[in-house]
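S.K.: Let chain B serve as the given structure and place chain A on it in line with the hints.
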Amino acid sequence: METTLAENLPQVTAAGVIIKAIIILAVISAIAGFGTYIERKVLAFMQRRLGPMHVGPYGLLQIAADGIKLFTKEDIIPQNANKLIFAIAPAITAATAFIALAAVPVFPDFTIPEWVPLLGGTFVPSIASDNNVGILFVLGMMAAGLYGPLLAGMAQANKWGIIGAARTAIQFLSYEVVTGLSILAPIMIVGSLSFVDFNNYQQGGIENWLIWKQPVAFVLFLIAGFAETNRTPFDLLEHEAEVVSGYATEYSGMRWGMFFIGEYANMITISVIAAIVFLGGYAAESMFGWLFIMLKIAFFFFLMLWVRAAWPHVRPDQLMWLCWKVLMPIAVINVLITAIVMMV
Amino acid sequence: MYETIAFYLFSALTIGLFLITVMSKNVLYAMTSLAAGMVLISGFFFILGADFLGVVQLIVYVGAIMALYSFAMMFFDATRDIKERNTNSALVFALGGLSALVLVLMFAAPIYSENIKALYPMHESIGNAQDVGIVLFTKYLVPFEVAAVMLLVAMIAGIILAGKKMDQSLTEDLSADDEILTTKDAK
Chain B
29 METTLAENLP QVTAAGVIIK AIIILAVISA IAGFGTYIER KVLAFMQRRL GPMHVGPYGL
89 LQIAADGIKL FTKEDIIPQN ANKLIFAIAP AITAATAFIA LAAVPVFPDF TIPEWVPLLG
149 GTFVPSIASD NNVGILFVLG MMAAGLYGPL LAGMAQANKW GIIGAARTAI QFLSYEVVTG
209 LSILAPIMIV GSLSFVDFNN YQQGGIENWL IWKQPVAFVL FLIAGFAETN RTPFDLLEHE
269 AEVVSGYATE YSGMRWGMFF IGEYANMITI SVIAAIVFLG GYAAESMFGW LFIMLKIAFF
329 FFLMLWVRAA WPHVRPDQLM WLCWKVLMPI AVINVLITAI VMMV
Chain A
151 MYETIAFYLF SALTIGLFLI TVMSKNVLYA MTSLAAGMVL ISGFFFILGA DFLGVVQLIV
211 YVGAIMALYS FAMMFFDATR DIKERNTNSA LVFALGGLSA LVLVLMFAAP IYSENIKALY
271 PMHESIGNAQ DVGIVLFTKY LVPFEVAAVM LLVAMIAGII LAGKKMDQSL TEDLSADDEI
331 LTTKDAK
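The listed protein sequences correspond, in order, to chains B and A. Just so we're aligned, residue 29 is where the first sequence starts under the numbering used here, counting upward by one. Just so we're aligned, residue 151 is where the second sequence starts under the numbering used here, counting upward by one.
One or more of the hints may lead you astray.
[To be verified] Here are some, though not all, of the chain A residues that point toward chain B, as calculated from beta-carbon distances under 8 angstroms:
| hint | residue |
| --- | --- |
| 1 | Leu178 |
| 2 | Thr182 |
| 3 | Ile209 |
| 4 | Val212 |
| 5 | Ser220 |
| 6 | Met223 |
| 7 | Met224 |
| 8 | Ala240 |
| 9 | Ala279 |
Quick caveat, the hints were computed from the structure, so don't treat them as lab data. Only a predicted model underlies this, so the values are computations on that prediction, with no experimental measurement involved. Ideal Cβ placement from N, Cα and C applies to all residues, glycine included.
If we strip away everything but chain B, and leave its shape as in the complex, we get (with noise of 0.2 angstroms):
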């Protein structure tokens, strides 16, 4: 499949891919912020409470007031610990998430106007490194924030940490194979790696949408993404009840925060793939296109605070049965039988 679109786009510059990861990384951070309150605000509202009210109207402050928290939290580094591990796992959760958002188109394209200094008439780009193995790419390094947790839970010296690390291999080990093999199905249809490619086709249409081809790969990677972003029902890693806070006991102010964006940056990575794979996307040709992948990956982000509201979460055995005894071998069988679809 070819992508015309890109042969009328103007040249992609450095400066327009510098400026463009600068716009990711603040509005993705500014993002995860508000994403806090407004999953306090879901929560409270599916419990019957009102959540944060105090901070301002309806509480929109509390963002700023948990952000200057955050940022003048004493930073305790525990007297065991390896120190520099410590320090360099967060980041590794908080780079990992941002590299990954690289390779996903978010926000439109647009050209800085000439009347700009300096950067007048410069272009920015949608995507950031538009390869053309972005799925395998974002999945990828979205596996390497992994480490992060596995290394926390290792450095500090804490034995609710060495069982949150524990977990994370657990987790990895489970769901890795379910996403991997339910969004194969897709890019058999497909035939390509490329998220261009994948909006292309679904062009033209609600009829048009993959999810309509492939509701149990659709449902399988949604479940596999939830393991994926540590989200309930499967956050094994930092279940209070049980672990204390797992990999991040040890954590405060900043380098918590990190672990925190991290994880909501991957929230919205998995809504973006979610939603250009499965639910069509962005029309490239129409203006409201944007607008409408913007409320695709509202929704996603939404499902994802509903089902914390609305399920308890597994243990890590059940996490276990549940990938690989049952996740699994559905989604060899949908791989199988889309390829015999295609075949015949």
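M.R.: Relative to the frame of chain B, chain A by itself:
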């Protein structure tokens, strides 16, 4: 120009990180630098334009293989240093000589590599993954299938070795508790 800078940056970082992997007495440092080195090696593939291989390097080494390492790590106290006993001087001598030889070969390689041509060059029009796939399923079909069969054999062997009590749940089944207690008593 960017590619040259990136190449030298990645080279220096990769060599440095793998040096830490070999030299460090701390298991955690060794594992972290190994993982980081693997990530940076995928950078070389991206510089060469082999996007697909780069991503495969990322997924296979960073994801799958390092997960296995991390399981082994669970048996150590990761925050302590390990006492190493290297008494075999003949082995050290042999390894040192070998690495010197490898260094000489590496620096001599660029002189020879002028003559090397790509047998299956990339096609600009079709994607990277398709190119790899075509070569894998035509020219290298037999090695590919043999590797697949070998992996399958290893997987079945692993399941048989580990799967003796797979039906028994350690958390739900009470008889498992008794079994653990009796083995403790026996000790």
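S.K.: Does each hint hold? Answer for all of them.
M.R.: Hint by hint, here is what the structure shows:
Look at Leu178 of chain A: its Cβ gets to within about 5 angstroms of chain B, closer than 8 angstroms, so that hint holds up. Annotation: interface hint on Thr182 of chain A holds; nearest CB of chain B at approximately 6 angstroms, less than 8 angstroms. Taking 8 angstroms as the C-beta contact cut-off toward chain B, the hint placing Ile209 of chain A at the interface holds, the least distance being around 4 angstroms. Satisfaction of the interface hint for Val212 of chain A is found here, the shortest Cβ-Cβ separation to chain B being roughly 5 angstroms, below the 8 angstroms cut-off.
Hint on Ser220 of chain A holds. Least Cβ distance to chain B is approximately 5 angstroms, under the 8 angstroms limit. Taken as an interface hint, Met223 of chain A checks out: its beta carbon lies about 6 angstroms from the nearest beta carbon of chain B, inside 8 angstroms. At a threshold of 8 angstroms, the smallest CB-CB gap from Met224 of chain A to chain B is about 6 angstroms, leaving the interface hint in force. At about 34 angstroms, the closest approach between the beta carbon of Ala240 of chain A and any beta carbon in chain B exceeds 8 angstroms, and the interface hint on this residue is violated.
Residue-level restraint check for Ala279 of chain A holds (minimum Cβ-Cβ distance to chain B is 6 angstroms; threshold 8 angstroms).
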